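These protein sequence lines map, in sequence, to chains A and B.
Just so we're aligned, residue 1 is where the first sequence starts under my numbering, counting upward by one.
Just so we're aligned, residue 1001 is where the second sequence starts under my numbering, counting upward by one.
I should point out that these hints are in silico values taken from the structure, not numbers from a laboratory.
All figures in this text were calculated on a predicted structure; none of them were measured in a lab.
The beta carbon of each residue, even a glycine, is placed where N, CA and C say it ideally should be.
Among the hints, erroneous ones may be present.
[What the hints assert, rightly or not] Now the in silico label distances, taken between C-beta atoms and shown as ranges:
hint : chain 1 : residue 1 : chain 2 : residue 2 : range
1    : A       : Thr38     : B       : Ala1052   : 49 to 59 Å
2    : B       : Asn1187   : A       : Ile278    : 27 to 37 Å
3    : B       : Val1208   : A       : Glu125    : 25 to 35 Å
[Claimed, not checked] Restricting the straight-line Cα-Cα distance to at most 30 Å, the calculated cross-link-like pairs of lysine-lysine (BS3-like) are:
hint : chain 1 : residue 1 : chain 2 : residue 2
4    : A       : Lys65     : B       : Lys1144
5    : A       : Lys62     : A       : Lys236
6    : B       : Lys1218   : B       : Lys1081
7    : B       : Lys1177   : B       : Lys1230
8    : A       : Lys144    : B       : Lys1194
9    : A       : Lys43     : A       : Lys81
10   : A       : Lys194    : A       : Lys218
11   : B       : Lys1194   : B       : Lys1022
12   : A       : Lys194    : A       : Lys62
13   : B       : Lys1292   : A       : Lys144
14   : B       : Lys1194   : A       : Lys151
15   : A       : Lys230    : A       : Lys151
16   : A       : Lys109    : B       : Lys1043
17   : A       : Lys151    : B       : Lys1081
18   : A       : Lys223    : B       : Lys1081
19   : B       : Lys1212   : A       : Lys144
20   : B       : Lys1105   : A       : Lys81
21   : A       : Lys81     : B       : Lys1022
22   : B       : Lys1144   : A       : Lys144
23   : A       : Lys43     : A       : Lys194
24   : B       : Lys1230   : A       : Lys171
25   : A       : Lys43     : A       : Lys144
26   : A       : Lys144    : B       : Lys1248
27   : B       : Lys1109   : A       : Lys81
28   : A       : Lys144    : A       : Lys62
29   : B       : Lys1023   : B       : Lys1288
30   : A       : Lys81     : B       : Lys1218
31   : B       : Lys1043   : B       : Lys1230
32   : B       : Lys1177   : A       : Lys105
33   : A       : Lys171    : B       : Lys1105
34   : A       : Lys62     : B       : Lys1081
35   : A       : Lys223    : A       : Lys144
36   : A       : Lys194    : B       : Lys1151
37   : B       : Lys1209   : B       : Lys1289
38   : A       : Lys81     : B       : Lys1151
Spelled out, the chains give:
Number of protein chains: 2
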Amino acid sequence: MNNVLITGATGFIGRNLIYRLKKEGFLVSAIVRPTSDTSTLPKNINMLIHTANSRSLPIFIKSVKPDVVIHLATLFTATHKTEQITDLINSNITFGTELLDTCAKIGTKNFINVGTHFQNYNQEEYNPASLYAATKQGFEDIIKYYTQVYKMKSLTVKIYDTYGPFDTRRKILTLFKENLASGNLLNMSPGEQKLGLTYIDDVVEGFVKAIKAIQTFKDSEQKCYLVKPKQILTLKQVATTFEDVCGKALNIKWGATPYREREIMEVWDNAPNLLEGIDTLSLNEGLKKMLKAEGII
Amino acid sequence: MNNVLITGATGFIGRNLIYRLKKEGFLVSAIVRPTSDTSTLPKNINMLIHTANSRSLPIFIKSVKPDVVIHLATLFTATHKTEQITDLINSNITFGTELLDTCAKIGTKNFINVGTHFQNYNQEEYNPASLYAATKQGFEDIIKYYTQVYKMKSLTVKIYDTYGPFDTRRKILTLFKENLASGNLLNMSPGEQKLGLTYIDDVVEGFVKAIKAIQTFKDSEQKCYLVKPKQILTLKQVATTFEDVCGKALNIKWGATPYREREIMEVWDNAPNLLEGIDTLSLNEGLKKMLKAEGII
């Protein structure tokens, strides 16, 4: 289980995971899009620049013959426009299916997939908070075909939310950092929704554990695991922790905007935790680490 | 509930359904592909020739403002090649999602979808016999998003297998008709797999009932119904019935080939039957009707 192929390699989780896997001696290959910035990846990895519908995918995967695929590539939209449907389905279903199909045919048996608790609105086993979440669920139905017919093994990692140094995605902590710098008023919802902010090192640890866990799977097994942080906090508590760590107050007006439609108020956690028994970071510790690394505190 | 929009209108079920709906006074619109032969459709229906990614779909649907959509369009493959994955997903997931999205936005609340008992291999609630079946299941996950968020209603009709006069698809009865004409030896599997051959008029009746049933649905309801024929017979029994009706023997070597991988031996029937209480045709009656119409007997 030393030969790992990663999609979505240039994303925030992807690049952090690759450095960790290289450090542990894994042989790492990556599939990236032509538009992705690969400058942050290690130089000595085997890489395919993949364009949709190109024939290079099976050729590359056959040459790599990975023991395990970690499929991080995804297109996320909180809400979607009609024009985004094709891209959403191509990215979140079609590409993964082509990947699975090739794995099945060359005998790569282990497929680590990424899900979202947005698939579990209202804490239900399946109720999508967004079309994005529905495409993730649809892809799990496709995985079932490959696990059943080709006796593959598949582990879906569900992550709540991730943070860490030099994350370029526009997320809640980005807004807080901007607010700290500008001092402008930030209008927010009432802030009682629960968040599972997970520090990137803990997320990466979760994927390393996933590689171990999938080795214990039986043929055709398809299972979901969580990467759970130490604390599940409300958005308001996250803001307070951020203020504590910075020693400065944020300028937030709580309740100025309504909750998003289908806002997740309580996180779903009806799956085993890959970080069980591991001493993960509290939000206070994680924020300190991040803000220090970024030179903010 | 008088204004019906049909996709897959030129298919075997589509064209038969359209004639029936027209006869009953429905206003019928149809979406067809540029490659489809529309010569068998009634002349006086509202039709969109749809190419993928064209912008005409929402414009057409907005102009039609259907009360109910019957989504028959599908790409069927018993087994698939890697190169077919994009087409399978585009046809069976992406197109339907665009359709749902437009319906949601213009306020068309009723969506009749078509499933397959290939989604229920081994008589399980979900275990796909083929990638085709997995794409059908994936699409039901997408439907869930639209029913939940836009309070739409969706009824999935599961059909076993259909037959009737002038069906151009290559199916088991086509092989029997060819065998009758040529007398050549036909090599078959052992023939103990159960089939739910349903006469086209009964299938069409099922869809008419589906239009009635969906009107009783509550907001956000998503439910599956079967169109069940009078008899579920083994392939061998189907052959015997065919011979009885024709008064001639087929030249079949049973057991000459193995069963297909993931052959459905027993049909799944864990859903209410839209044809409950209706006097449907026995296979003997249906075959007689078909073979007479075609001038074979």
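Hints, one by one, checked against the model:
Thr38 (chain A) and Ala1052 (chain B) have their C-beta atoms about 31 Å apart, which leaves the hinted 49 to 59 Å range violated. A hinted range of 27 to 37 Å is violated for the C-beta pair Asn1187 (chain B) and Ile278 (chain A), which are about 59 Å apart. The supplied range of 25 to 35 Å is met by Val1208 (chain B) and Glu125 (chain A), whose beta-carbon atoms lie about 34 Å from each other. Simply put, Lys65 (chain A) and Lys1144 (chain B) have alpha-carbon atoms about 37 Å apart, too far for the 30 Å limit, and the pair is violated.
As the CA atoms of Lys62 (chain A) and Lys236 (chain A) are separated by approximately 49 Å, the hinted pair breaks the 30 Å bound. Between Lys1218 (chain B) and Lys1081 (chain B) the CA atoms are separated by roughly 40 Å; this puts the pair beyond 30 Å, and the hint is violated. Proximity of Lys1177 (chain B) to Lys1230 (chain B) is assessed by CA-CA distance (about 23 Å); at most 30 Å being required, the pair is judged to hold. A C-alpha spacing of about 24 Å is found between Lys144 (chain A) and Lys1194 (chain B), which places the hinted pair at or below 30 Å, so the restraint holds.
At roughly 37 Å between alpha-carbon atoms, Lys43 (chain A) and Lys81 (chain A) are farther apart than 30 Å, so this suggested pair is violated. Between the alpha carbons of Lys194 (chain A) and Lys218 (chain A) the distance comes to roughly 35 Å, so the proposed pair goes past 30 Å and is violated. At most 30 Å may separate the alpha-carbon atoms for a hinted pair to count; Lys1194 (chain B) and Lys1022 (chain B) exceed this at roughly 34 Å. Distance check on the hinted pair: Lys194 (chain A) and Lys62 (chain A) sit about 43 Å apart at the alpha-carbon level, beyond 30 Å; violated.
For the hint linking Lys1292 (chain B) to Lys144 (chain A), the alpha-carbon distance of about 44 Å lies beyond 30 Å, and the restraint is violated. About 26 Å separates the Cα atoms of Lys1194 (chain B) and Lys151 (chain A), which keeps this hinted pair within 30 Å; it holds. The hinted pair formed by Lys230 (chain A) and Lys151 (chain A) fails the criterion: a straight-line CA distance of about 35 Å is larger than 30 Å. A threshold of 30 Å between alpha carbons decides the hint, and for Lys109 (chain A) with Lys1043 (chain B) the separation of about 53 Å lies outside it, so the pair is violated.
With a C-alpha separation of about 18 Å, the suggested pair Lys151 (chain A) and Lys1081 (chain B) falls inside the 30 Å cut-off, and the hint holds. At most 30 Å may separate the alpha-carbon atoms for a hinted pair to count; Lys223 (chain A) and Lys1081 (chain B) meet this at roughly 27 Å. Proximity of Lys1212 (chain B) to Lys144 (chain A) is assessed by CA-CA distance (about 34 Å); at most 30 Å being required, the pair is judged violated. Among the hinted pairs, Lys1105 (chain B) with Lys81 (chain A) is consistent with the structure: their alpha-carbon atoms are about 11 Å apart, no more than 30 Å.
Restraint check for Lys81 (chain A) and Lys1022 (chain B): the C-alpha separation of about 35 Å exceeds 30 Å, so the hint is violated. Straight-line distance between C-alpha atoms of Lys1144 (chain B) and Lys144 (chain A) comes to about 19 Å, which keeps the hinted pair within the 30 Å bound. Taking the CA atoms of Lys43 (chain A) and Lys194 (chain A), the gap is near 39 Å; set against the 30 Å cutoff, the hint is violated. Between Lys1230 (chain B) and Lys171 (chain A) the alpha-carbon distance is near 58 Å, which puts this suggested pair outside the 30 Å criterion.
A threshold of 30 Å between alpha carbons decides the hint, and for Lys43 (chain A) with Lys144 (chain A) the separation of about 35 Å lies outside it, so the pair is violated. Taken as a hint, the Lys144 (chain A) and Lys1248 (chain B) pair is broken in the structure, with Cα atoms around 44 Å apart against an allowance of 30 Å. With a CA separation close to 19 Å, the supplied pair Lys1109 (chain B) and Lys81 (chain A) stays within the 30 Å bound. Distance hint between Lys144 (chain A) and Lys62 (chain A) is fulfilled; the C-alpha atoms sit about 22 Å from each other, no more than 30 Å.
Restraint check: the Cα-Cα separation between Lys1023 (chain B) and Lys1288 (chain B) comes to about 24 Å, which is no more than 30 Å; the hinted pair holds. At roughly 27 Å between alpha-carbon atoms, Lys81 (chain A) and Lys1218 (chain B) fall within 30 Å of each other, so this suggested pair holds. Simply put, Lys1043 (chain B) and Lys1230 (chain B) have alpha-carbon atoms about 34 Å apart, too far for the 30 Å limit, and the pair is violated. Straight-line distance between C-alpha atoms of Lys1177 (chain B) and Lys105 (chain A) comes to about 37 Å, which puts the hinted pair past the 30 Å bound.
Restraint check for Lys171 (chain A) and Lys1105 (chain B): the C-alpha separation of about 28 Å stays at or below 30 Å, so the hint holds. At roughly 17 Å between alpha-carbon atoms, Lys62 (chain A) and Lys1081 (chain B) fall within 30 Å of each other, so this suggested pair holds. With a C-alpha separation of about 10 Å, the suggested pair Lys223 (chain A) and Lys144 (chain A) falls inside the 30 Å cut-off, and the hint holds. Pair hint Lys194 (chain A) plus Lys1151 (chain B) holds up; C-alpha atoms about 26 Å apart against a cutoff of 30 Å.
Proximity of Lys1209 (chain B) to Lys1289 (chain B) is assessed by CA-CA distance (about 23 Å); at most 30 Å being required, the pair is judged to hold. Distance hint between Lys81 (chain A) and Lys1151 (chain B) is fulfilled; the C-alpha atoms sit about 18 Å from each other, no more than 30 Å.
Figure legend: structure checked against the earlier numbered hints; hints not met, in rising order: 1, 2, 4, 5, 6, 9, 10, 11, 12, 13, 15, 16, 19, 21, 23, 24, 25, 26, 31, 32.
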